[in-house]
Structure formats: structure tokens, C-alpha cells
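Novice: Position chain B against the provided structure of chain A, taking the given hints into account.
From first to last, the protein sequence lines stand for chains A and B.
All you need for our numbering is the position in the first sequence, starting with 1, plus 58.
All you need for our numbering is the position in the second sequence, starting with 1, plus 1212.
No lab work stands behind these hints: they were computed from the structure.
Any given hint might turn out to be false.
[What the hints assert, rightly or not] Beta-carbon label-pair distances, calculated as ranges: (1) ALA1324(B) <-> LYS379(A): 54 to 62 Å; (2) ASN392(A) <-> MET1213(B): 21 to 29 Å; (3) ILE340(A) <-> MET1213(B): 34 to 42 Å; (4) GLN336(A) <-> GLN1286(B): 47 to 55 Å.
[As the list claims (entries may be wrong)] Every beta carbon over 12 Å from chain A, so not counted as near; a handful from chain B, in silico: (5) LEU1232; (6) GLU1242; (7) LEU1251; (8) ARG1253; (9) ARG1278; (10) ILE1279; (11) PHE1312; (12) PHE1313.
Glycine included, every Cβ here is placed at the ideal spot set by N, Cα and C.
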Amino acid sequence: MKIVHRIHLSYAVNIALIFIVGFLSLQAFNELMMKFHFMEIADSLNTAFLEMRIAEKNYLLYSDKEALNSICTRITETMPALAEERENIEQVTGGNDYNRLVQLLADYRGNVRALIDGHGDETKVRDSGHALRTFSENIIKMERDKVAALIERSKSILWLAFLAVLGFALFFAQWNASSIRRSLEQIVELTHAIAKGDFSRPAKKPSPDELGAVVQAISTMSEELNLREEEMIRSKRLASIGVLVAGVAHELNNPLNNISMIAQTFAELHDKLGSDQQLEFINQIDEETERLRYTIRNLLDFAKPKEKQIASHDLNEVAQKCLGLVHNMLTIGNVRTKLNFDEQMPQLCLDEHQIQQVLVNMMINAIQAMQPGGALTVTTRFLPELERAEIEVSDTGKGIPPRQLEYIFDPFFTTKEEGGTGLGLWVSYGIIKNHGGDIRVQSAIDEGTTFTIMLPLNLDKCVRRSDSNAEQHHDH
Amino acid sequence: MQSSIMIIDDERIVGDMAKLSLSQEGYDVETFLDGESALKRLEEKTFQVVVTDLKMKGVDGLEVLRIVKEKYPQTVVIMITAFANLDVAIEALRDDVFDFFPKPVKIKELKASIRRALAGEEAGGAA
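The shape of chain A in the complex, shown without the other chains:
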């Protein structure tokens, strides 16, 4: 169910609860109003009955005939008032009680009249008066109890309603929160996976709500990224092969051209050349052939994957050793060094020689890019939440133009005026990729360049791989 629908549902349920409670309270209130009205009537009747009984006592004590007359007058006055309120009384107490009351009143009047007429019985008057008063007091007492019960019931209903609304709100909040939390956790998991380059689909099915749609969108994006990355790698590889082939062609064409030109010149001028000159030509051809062989061997060396000597090493120590190797260059170039080593750095599984090759290469590049007085900064970072370690080599040099930045890892690409083979970063990239890592580069013109090497925290693989190496060695 979508979150918005759940919120609407919770609103609807709460509003329904409030309506029910309101309706019940209103009903109780109406009933109470009716009861109170009846109590007023009953009170005034009771007062009237009390006055009658006082008059009755006056007659019995002082034989005051006037008192009997006043009783009759009161009864006659009360009768219409009683009839007027008949409906109200019947609603509250029921028709039987009303009839009984009227009957008792009529009996009482009959007995009083008989006494006035002189043939009555005092005892009958007293009994019927007493019966009237007892009955009316009983009704009032019963109604009072009912009112108290009603108030009690209303109170309970309000409490129950309050608890129901509260419970419902809590339930909905919990329901929403837990499903939102689940989806958010999934999103975090997914984005972490993408950050680590894992583009596989999430194992759990996304929830059918809005956040589920977000999870779905991220998942689709991840798949797209995966496709694009493969595409990019493929096209980059093709471009690299193009650059490689062009570079190789250039490196091979020069000595080939030399040999060819020597041969052509020899063919044209052989009868005019002295034997010394002829020998020089042949030697030159041999030298150029040697040059070709050297280029080809170098190329094969770079292309051939070397067997890794993986062991656990301290990255900070490796970096320190590399700085030792370029110490002379630093001194000559008047370059300062700044070290920010992360002391929490755990042991990493790597081929020390290869990583040294990469770091020294980057340090030399950095030193060569800087004017005297520049600073070489080496930073290591332990990033357990990203499950990787990083080492950064930064310079304050001239920077790499953005147009060239995407080619710097291509073979035979060099920005150096002299002595650059254009193979250093290409080989470095291969080594780091082979370690399951990655290299990133940031550069700003006249501000400097930063190379970041990311290596996975893979100590468990280290153990396994060195085991399998040991087995291989054993086999040999």
C-alpha cells in the first residue's frame, strides 16, 4: 500500500472514531438533559407531596380541617401539571410508573375527600400519603442512580475513544515508520553497492509504496550505469588500442624507415661507396634492428601480465619507502613533502613491488610537474565504511589540461617534453586494476594535480591467494 494511501486511511479511521465518540456523547448528553428535566419535575412534585404530608400531619395533630382542604387544592393543582409533563415522565420512567403515580395521587385525594366528608379513615389517608411519597422518592432515587451510571458510561466511552485514537495513531506511525525505514535501508544498501561498483539488482523486492518506487528507480539507474560502464570500458579500450597501435607504429616506423633509407641509398650508391662506408651502413642497419627488437621486447614486457607477489603490507610504510626512493629528486627539485598518514590504516593485501612502481611513477610525475619550491603531498586514508583504503599523491604543479585528462592513462600518451615513454600511467592503471582498485585524477591548471589510488580492504583474499600461490610453487 502506498504511504499516501496509508496516511489517508489513518485520517479516515481517526475521523470515523471521532464521529462515533461524538455521536455517543451527544446521545448521552441528550439523555442526561432529559433526566435532569425529569429530576426538576420530580423535585417539584416531591416538594408538593411533602407539603401535602405536612398538611396531613397538621390535621392529625391539630384536627385542622383547613389542612385537608389545602391538600385537596394542592392535589387538584398538581394533577394538570403532572398531565402536562406526562410525556417527559413516561419517556424517563415508562408509562407504568406514570399511571401508578396518577393512581396513587387519585387514591390519596379520594381518602382525603372521604375524611373531609366525615366518613373517612385517618389510617387510610396516612397510608396512601406515605405510599405516594415513598413511590415518588423511589423513582427519584432510581433516576439519580441512572444519571450517575450514565455519566460513568460517558466517561468510559471518552476514555476508550481516547485510547483507541491513540493506539491507532501509534499503530499507523509504527507501520509507516517501519516500512519507510526498511525502504531507506534498502536505498542505503543499494547506493553503497553502486559506490563500490556493484551494479547487481537488489535481492529484496521493493515495497509497493513511493519509496519502493525510489528503490526501483535507483535499481534501474544502477543497471543503466552497469550497461554504460561496460560500453564506456569497451569504447575506451578500443580508443586505447587505437592510441597503442599508433604509438607502436610510430616507434617501429622510425627504425624501419632508417633501415629502408640505408638500403635504398646503398642500392643507389653501392658502386661509389668505399668498403668502410659499406661496413658502416651494415652496422647501422644492425643497430636499427636492435632498436626495433628493444621496442618490441619492452612492449611485450608491458603487455605480459606479471605474476603478483601478494602479501599483507602497511600502505604507510610502502609510501614511506617510495619517498625514500625519490629523495634525491626531491632534493634536486627543491620540493617540500607533506605527509598525512592515517594511523588507523590496517594491513592491506598487495604486491609491494608493483604498488611501489605505481607510487614512484606518480611521485616522479608530480616532482617533474613542479617548479622549485613546490610541495608534494602524500595522504593515506582508511575508509572502512566504503570498504577501501586510499592513497593520494598531490603536487602544486602546472596541472593537466582537461582535454588531456581523459587520455593520460592511455599507452604512449605523454605530456613531458623529453624522456616520457607514455607508458608509466598506463602500466600503473593496469597494476591498480589488477589489485581490484581504481585510480582517479583531479587537476586544475597552475594549481596542481592529485592522483587518488583506491584499494579494496581484502585481507581475507590475501590469505587465500598466498595459499594458492604456495600450492602453485609446490607444484613446480
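Specialist: For chain B alone, coordinates are given in the frame of chain A:
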């Protein structure tokens, strides 16, 4: 008048062999291993043809071409390069260079090209 030809290539053998061969045709040939010294020499002496390599450290073939076209418009430039596959660059240079040779260079073709260049220059000079 003896025609003067300048060869610029950081591969020493290219200059040596071209000089040996071209001298047989009666040309006055001078060779240079880099752009800087060649440009310096151009300030002192007029060359009818400059044969230059494209990719060189420092002042490269394009720079030489630009300066020759600017300062010595009578001089013909022939470009050679070890980059075999530079169709776009070659196309871009078509108008400015007299000819373009990928390495390995056929010396006979280079000679023929120089001959055409000199004939064209003389024809242009006579007109």
C-alpha cells in the same frame, strides 16, 4: 644556380641518407636534428626546399611549417612522419605543405617531389 635543400629530422640516419642521395643530384643539402637550429640557419641562408619530420621534441614540424610559411613564403615545405595514419592531419596540411610522406620514405619519390617543387618554384618565379 644550385638549389639548397634543408632536411630536419631527429633521426640522424634520415638526414645522412637523404644528404648522400640528394647530393648526387647536385643539390646543396644541409641536415638538422631539431627545429630550433634549423630555424636559426634559415635566418642566415635561403633554402628552396625544407623537408621536415612532423613529430620532434621542442620545435616540431608544424611549428617549422608555420614559421617558414610566414617568413619565407618562397620556400617549399615537404613533410615526413612516422605516424602512418594521420589522414585528418594530412588533409589539414594539404594546402600548406607541398607534399607529405609517411615513413618508410621512398627516396626516389622524395627526389621526384623535390624536383617538382623546384620546377614549380622556377615556373612561379618566371611568371
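Novice: For the hint 54 to 62 Å, verify it against the beta carbon of ALA1324(B) and that of LYS379(A).
Specialist: About 60 Å separates the Cβ atoms of ALA1324(B) and LYS379(A), which means 54 to 62 Å holds.
Novice: Please check whether the beta-carbon of LEU1232(B) is more than 12 Å away from every beta-carbon in chain A.
Specialist: Label violated. Min Cβ-Cβ 5 Å, cutoff 12 Å.
Novice: Would you assess whether LEU1251(B), listed as outside the interface, keeps its beta-carbon beyond 12 Å of every beta-carbon in chain A?
Specialist: holds (17 Å)
Novice: Decide, holds or violated, for the assertion that all CB atoms of chain A are farther than 12 Å from the CB of PHE1313(B).
Specialist: violated (10 Å)
Novice: Examine each Cβ of chain A, and state whether all of them lie more than 12 Å from the Cβ of ARG1278(B).
Specialist: holds (19 Å)
Novice: Please check whether GLN336(A) and GLN1286(B) have a Cβ separation lying inside 47 to 55 Å.
Specialist: Distance hint for GLN336(A), GLN1286(B) is violated at roughly 39 Å.
Novice: Take the C-beta atom of ASN392(A) and the C-beta atom of MET1213(B), compute their distance, and say whether it sits inside 21 to 29 Å.
Specialist: Given range 21 to 29 Å: violated, Cβ gap about 55 Å.
Novice: In terms of Cβ atoms, is chain A entirely out of 12 Å range of ARG1253(B)?
Specialist: holds (22 Å)
Novice: Per the hint of 34 to 42 Å, is the separation of the Cβ atoms of ILE340(A) and MET1213(B) within bounds?
Specialist: holds (37 Å)
Novice: Does PHE1312(B) really sit off the interface, with its C-beta more than 12 Å from all C-beta atoms of chain A?
Specialist: At roughly 14 Å from the nearest Cβ of chain A, PHE1312(B) sits farther out than 12 Å, so the non-interface label holds.
Novice: Would you check whether the claim that GLU1242(B) is not at the interface survives, using Cβ distances to chain A and the 12 Å cut-off?
Specialist: GLU1242(B) clear of chain A: closest Cβ-Cβ about 17 Å, beyond 12 Å.
Novice: Decide, holds or violated, for the assertion that all CB atoms of chain A are farther than 12 Å from the CB of ILE1279(B).
Specialist: With a cut-off of 12 Å, ILE1279(B) remains clear of chain A, as the shortest Cβ separation is near 19 Å.
Violated hints, listed in ascending order, are 2, 4, 5 and 12; each of the other numbered hints is respected by the structure.
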